[in-house]
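Protein chains: 2
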Amino acid sequence: MTNMDKLYESVAANGPVCVGLDTEISYLPTTDTAKTAGENVVEFNRALIAATKGVAGCYKVQIAYYESLGLDGMRAYAETLKMARATGLPVIADIKRGDIAKTAEMYAKAHFTGDFEADIVTLAPYMGLDSISPYLPYCKDQGKGVFVLCRTSNPGAKDFEYQKLADGRHIYDLVGDSLTEMGKDYMGECGYSSIGLVIGGTYTEEATAIRAAYKNTFFLIPGYGAQGGKAADIAQYLTKGNGGVVNSSRGILLAYKKQPGVAFDEAAYNECVRMREDIQGECNKL
Amino acid sequence: MTNMDKLYESVAANGPVCVGLDTEISYLPTTDTAKTAGENVVEFNRALIAATKGVAGCYKVQIAYYESLGLDGMRAYAETLKMARATGLPVIADIKRGDIAKTAEMYAKAHFTGDFEADIVTLAPYMGLDSISPYLPYCKDQGKGVFVLCRTSNPGAKDFEYQKLADGRHIYDLVGDSLTEMGKDYMGECGYSSIGLVIGGTYTEEATAIRAAYKNTFFLIPGYGAQGGKAADIAQYLTKGNGGVVNSSRGILLAYKKQPGVAFDEAAYNECVRMREDIQGECNKL
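Residue numbers (this note's numbering), protein chains in the order written: chain Z, 1 to 286; chain F, 1 to 286.
Next comes chain Z alone, as it looks inside the complex:
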C-alpha cells in the first residue's frame, strides 16, 4: 500500500482538508520568551495537530517557514514532521526541490529518510524528468510519493507555466502529461499513481479538462481561502470528493482571529470542519 493509497483512504474517511503547517512565529497568539522561536512554533503545532487530527485528511509542512529560523527552525521542522506523522495521517513535506540527478538523490535521501523524513514531498520540474527520477526508487520500495508542480494559481504562473508551446499545449500541459506518463509505472491500489501534481484551485475554465486528462493522478490543491480559491471551483478538481487534497494554511492557523474568545486550536478545528463541509457540499452538487 503506497502513501498515495493511504492519502486516498484518509480523504475517504476524513475529508480532503490538508492542514498546512506554514507556521510563522507572528501567527502565534502568545509566545513563551523562555523558549526559542522554533520551540514556540513546535508547541503551537503540537496543539494544532492534536486538535485537527480527526478532521484533517493530511498535513503539509512548508519547510521555508522553518528554514527562515535557521538551525533552531530546522529542529522545529524535524519535530513537527515527527508529531504530524505520529497521527498516522500522511504528511507532505512542501519542499519544491528540483536539481540534477546526483543532487536530487541527496534531496531524496534528505526528505525520505532520517531527521526530515516525510511520506510525500513536493518537487519542481523545470530541469526535467531526470530531476524527478531519483525519488522514484523510494516510491517503488517504500511507498513514498511526490507531488510535482504543474499549474499553480499565483499571479506569476502566467509568466511561464501558462505560456503556449509550439504544439499548442501550455507548458503546464507538457509537464502534466510527462509526469502522468511517468506515473503509469507507479500505480497504487486506489487507482492513483505515486506521482501526483500540484494544481492550483482557482481559474475554473480548464478544471474539468484537467481532471479528465489526469484521471489517475492525485492533486495537491493549494489556493483555498487566502489565495482566492472557492469551494465550487475546487470541487471541479476532485472526483467524487477524492483524488485530491485541498490545502489551507493561514486560513486554519489564523482561524482564531475570526473567532473571538475561541482558543487557537479549537478555532483551527472549527475552520477545518467548516472548510470540509464547504468543499464536500460543492462536491455533492456535481
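Because the hints were derived from the structure by calculation, they are not lab data.
A hint or two may mislead.
Since the list gives no way to pick one copy over another, a pair counts as held whenever it fits inside one copy or between any two copies.
[Said to hold, decoys possible] Here are the computed lysine to any residue pairs in the SDA-like style, where the Cα-Cα straight-line distance is at most 25 angstroms:
no. : residue 1 : residue 2
1   : Lys102    : Pro155
2   : Lys102    : Glu24
3   : Lys35     : Lys230
4   : Lys257    : Ala101
5   : Lys53     : Ser26
6   : Lys35     : Asp72
7   : Lys164    : Glu117
8   : Lys53     : Cys283
9   : Lys102    : Asp233
10  : Lys102    : Gln163
11  : Lys158    : Leu129
12  : Lys140    : Ala213
13  : Lys102    : Lys230
14  : Lys184    : Asp159
15  : Lys230    : Ala37
16  : Lys164    : Ser153
17  : Lys164    : Ala213
18  : Lys158    : Tyr186
19  : Lys164    : Asp177
Got chain Z; can you put chain F on it based on the hints?
Leaving out everything else, chain F in the frame of chain Z:
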C-alpha cells in the same frame, strides 16, 4: 558595491573557478569515527577552503548534500558557509528554491540572513516572476544576488527547458529574457546586474548567441569536467574571461584520487590551478 560586483572583481583577480562544496561523506579520504558525519565534512571543507582560497573565484555550497545528513548536516552547512565567507570571497548557496511570494519571502530571509546567510543564492523560475521578486529587496538594500536557472546541460533539460514556444523561442529563452529585463533595475558598477542566470557549459551551438543576448547578465556555469563541459565550450560563455564563474565540484573535491600520494587539499589546489589555466587559455584564444 553589490555581491555581483565583488564576484566580477574576484574573477578578474583570481580567475573564474567556482569551487563547489558538494561534499558527500564518501568523498573524504579518511574520517574520524569520534565525530559525526557533518563534523567530518566540516573538517574536510575547512582544509579545502584554506588550500584553494588563493585560486578560487568564489565558493558554491550545494545545500542538498547537507540536508541529506539531517540536523547534523544543517549544522555543517551553516559552519561551511561561515568558513567560506570568512575568506572574503563571494559565496553562492546553491538552493534552487522556487515558491509563491509569501513562501519566497521566508526563503529569502532564510538564506540572506541568520545561520544560513549567503552572498548569492540560486533560484528556480517555474512558478514565475513573483517567485523571484521577494529576493530583490535584499539585492537592492544589501547587495545580495541571485542566479536563476535558465538553460542547464543535464540530459533532462530537453524535457522542458529546450522545448519551443509558440513564438519560436525556447522556454529557456523566455526565462532568460524575462530575468534579464527584471535585472535592468539591479545593475552593479561592473556592468552586470544582481540577477544572474544558470547556463550549462555544454552544447556550444548557441553559446555565442546566448552570451551576446545577455551582455549584462552574469552566468553561473555548471558542467565543467564531470558533466562533460570542455574549456573551449565554456570560454564561449565568458566575456574576456569574466562575466561568469565555472563550477567544479567532484573534479576538485576528488582531485586527490587522480594525484596519488598528494594530500586531498593540495590536490584540490592543483586542480583549481589546472582548471583555471585550461579555461583562461581558451579565453585567450578567442
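Outcome of the hint check:
Proximity of lysine 102 to proline 155 under the C-alpha cut-off of 25 angstroms is restricted to the inter-copy arrangement: shortest distance 12 angstroms between copies versus 32 angstroms within a copy. Proximity of lysine 102 and glutamate 24 under a CA criterion of 25 angstroms is satisfied inter-copy only: 11 angstroms between copies versus 32 angstroms inside one chain copy. In this assembly of identical chains, the alpha carbons of lysine 35 and lysine 230 never lie at most 25 angstroms apart, being 38 angstroms within a copy and 53 angstroms across copies at closest. Only between protomers do lysine 257 and alanine 101 lie at most 25 angstroms apart by alpha-carbon distance; the minimum there is 23 angstroms, versus 44 angstroms within a single protomer.
With identical chains, the CA atoms of lysine 53 and serine 26 are at most 25 angstroms apart within one copy only, with a shortest distance of 23 angstroms there and 41 angstroms across copies. When the C-alpha separation of lysine 35 and aspartate 72 is checked against a cutoff of 25 angstroms, the pair qualifies both within a copy, at 11 angstroms, and between copies, at 21 angstroms. Proximity of lysine 164 to glutamate 117 under the C-alpha cut-off of 25 angstroms is found in neither arrangement, the shortest distances being 37 angstroms within a copy and 38 angstroms between copies. Taking the shortest alpha-carbon separations for lysine 53 and cysteine 283, only the intra-copy value of 22 angstroms comes in at or below 25 angstroms, while the best inter-copy value is 61 angstroms.
Proximity of lysine 102 and aspartate 233 under a CA criterion of 25 angstroms is satisfied inter-copy only: 23 angstroms between copies versus 39 angstroms inside one chain copy. In this homomeric assembly, lysine 102 and glutamine 163 come within 25 angstroms of each other (Cα to Cα) only across copies, at 23 angstroms, whereas the closest approach inside a single copy is 30 angstroms. Taking identical chains as interchangeable, the C-alpha atoms of lysine 158 and leucine 129 lie at most 25 angstroms apart whether they share a chain (22 angstroms) or sit on different chains (9 angstroms). In this assembly of identical chains, the alpha carbons of lysine 140 and alanine 213 lie at most 25 angstroms apart only when taken from the same copy (24 angstroms versus 44 angstroms across copies).
For a Cα distance limit of 25 angstroms, the shortest separation of lysine 102 from lysine 230 across copies, 20 angstroms, qualifies, whereas the shortest one inside one copy, 40 angstroms, does not. In the homo-oligomer, the alpha carbons of lysine 184 and aspartate 159 lie at most 25 angstroms apart only across protomers (18 angstroms), although the nearest pairing inside one protomer, at 30 angstroms, exceeds that limit. In this homomeric assembly, lysine 230 and alanine 37 never come within 25 angstroms of each other (Cα to Cα): the closest approach is 33 angstroms inside a single copy and 48 angstroms across copies. Both within a single protomer and between protomers do lysine 164 and serine 153 lie at most 25 angstroms apart by alpha-carbon distance, with minima of 16 angstroms and 23 angstroms respectively.
For the homomeric pair lysine 164 and alanine 213, the shortest alpha-carbon distances inside one copy (18 angstroms) and between copies (22 angstroms) are both at most 25 angstroms. Only between protomers do lysine 158 and tyrosine 186 lie at most 25 angstroms apart by alpha-carbon distance; the minimum there is 23 angstroms, versus 30 angstroms within a single protomer. For a Cα distance limit of 25 angstroms, the shortest separation of lysine 164 from aspartate 177 qualifies both inside one copy, at 14 angstroms, and across copies, at 16 angstroms.
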